[in-house]
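Chemist: The listed protein sequences derive, respectively, from chains A and B. With the working numbering, letter number 241 in the first sequence gets 241, and the count goes up by one each step, no holes. The working numbering runs 300 ahead of the 1-based position in the second sequence.
In short, the hints are calculated from the structure, not lab data. Do not rely on the hints blindly, as some may be mistaken.
To be verified - So, partial list: chain B residues that the calculated Cβ filter (under 10 angstroms) puts toward chain A:
(1) 306
(2) 385
(3) 389
(4) 390
(5) 391
(6) 420
(7) 421
(8) 423
Note that CB positions come from ideal geometry on N, CA and C, so glycine has one too.
2 protein chains.
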Amino acid sequence: MQSPVALIPQLAGHVVAAGGKRLRPMLTLAAARLCGYEGRRHLGLATCVEFIHTATLLHDDVVDDSALRRGLASANTVWGNKPSVLVGDFLFSRAFELMVEDGSLEVLAILSRASSTIAEGEVRQLLTSNDLATGEAAYLDVIRAKTAELFAAACRIGGVVAGRPRAESDALEEYGMSLGIAFQLVDDVLDYSARQATLGKTIGDDFREGKMTLPVVLAVARADATERAFWRRTIEDLEQEERDLDEAVALLTAHDALTEATDRAKAFGQQAARALDCFPDSPIKRILLEVVDFCIERAF
Amino acid sequence: MQSPVALIPQLAGHVVAAGGKRLRPMLTLAAARLCGYEGRRHLGLATCVEFIHTATLLHDDVVDDSALRRGLASANTVWGNKPSVLVGDFLFSRAFELMVEDGSLEVLAILSRASSTIAEGEVRQLLTSNDLATGEAAYLDVIRAKTAELFAAACRIGGVVAGRPRAESDALEEYGMSLGIAFQLVDDVLDYSARQATLGKTIGDDFREGKMTLPVVLAVARADATERAFWRRTIEDLEQEERDLDEAVALLTAHDALTEATDRAKAFGQQAARALDCFPDSPIKRILLEVVDFCIERAF
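Okay, chain A solo, but in the shape it has when bound:
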């Protein structure tokens, strides 16, 4: 994050110091160790993964006008949209510089592909927002691209850096992909069900932006005429009043939408765990299995 332009480490440091779960870089580190890697390259590559993630957070918060991130004021709230966009660009470029220093074209291929897929997913999400016709398949396409691809890439490069057979990298990628989908499903449930102080971001953001996350997709599919009118007004037309979020939560609960989305997350979690079957039992494998449980049971 170093730069002679002081605002860059300052702004990037604000996001990084705020914490976050550091899940993605941890996946790179753990995947490399699961494959028996004993060098130090995975440290730099885990940094690349977190830089790419941080860059997308900075741009997301601008795109979504988010006020809170990791329990602190978001960078765009503190410094405005302009530096947030540009420091995102900087971190993104720095990630590629670090990959070049590492010198693996295979890693560069994996992470450049993941980056363009993330951007595609974010655009797709914009297009499905406020569109009640969005179904479960379209929703899954969005979260696979915007979230799960980077989880998958983070895991895969851990295998690649260890120089192990392709089957192991494939298994790690599959683990990361299913874990990432489960993670985002839970994220989307938490946006309606978490306690704000625990979550570290604003509750109800998805609702206020009219995002078609799975809970809403399920509730809309089961809505009667009155409920449909509610969703049309709040999600499609974004005409919201203060008590609408409570009403939305009540409808999601009445239709079991939050429980069912969580069940879907659990199924993807099981798929993630199964993907690691080809690895023998080890402390690091048990940690990666615990990560699955954490992602599903987390309250933040």
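With the hints as your guide, set chain B onto chain A.
Modeler: For chain B alone, coordinates are given in the frame of chain A:
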């Protein structure tokens, strides 16, 4: 630019179809040919250069709230800021994917470094905006980073792809760097002196944003007390009235600031031309020398 998400090629295509001078990719093509390169790799790399440039344009127009680009409504005006930020990210990632396909770590190093320097330069520009204390050295630092680095990188990779001795790549980089500085100096003069229909972007944008470009830097250095008050109100406090742009142009003219900035551009142009001394005369060399004249004499 292809993507299953139709908005991506649509928005990117809008920017590309609007034209532009295509100077940067042309520099890669011409530099490769000047070095005797006869393959096809320079085509893909020139595309990477233009993608990186287009990504920065999309983000710049969001950051600057620009309404016009290349004579058409800017992408942020047509589709809003969100898709502009995200399609910028997409093009940027695609550029790196294309470089990975090309397979040269040296090219990846040059363009990833140029990209992070551009972002640094853009942040630096934000920080010097509205700051009357900005001097000529700080201004040159900004334009070197935000503009000239990509010109230099575009030229250098032309030499790298040809596999010629380092001295030739160095000479091409020096040509690109000086040309880029000259180009941006002229750009900053045109923002006060061009005819809007010819320029293809809004006249007076820099003034309205309070950017400290060289003409203003020079005029501020020569200002009397009344003039200083004018610059403080318009550039520092951004309290502008309708006739202030005319008044600014009058002051720049009175202090020869536009002529002098143009003279500085000419000097950098001569430096660019001299950098090519190590190459024997050839049609392609003559074209690269003509490019210098074009960049200085252009009206758009």
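Chemist: Out of the numbered hints, which ones does the structure contradict?
Modeler: none
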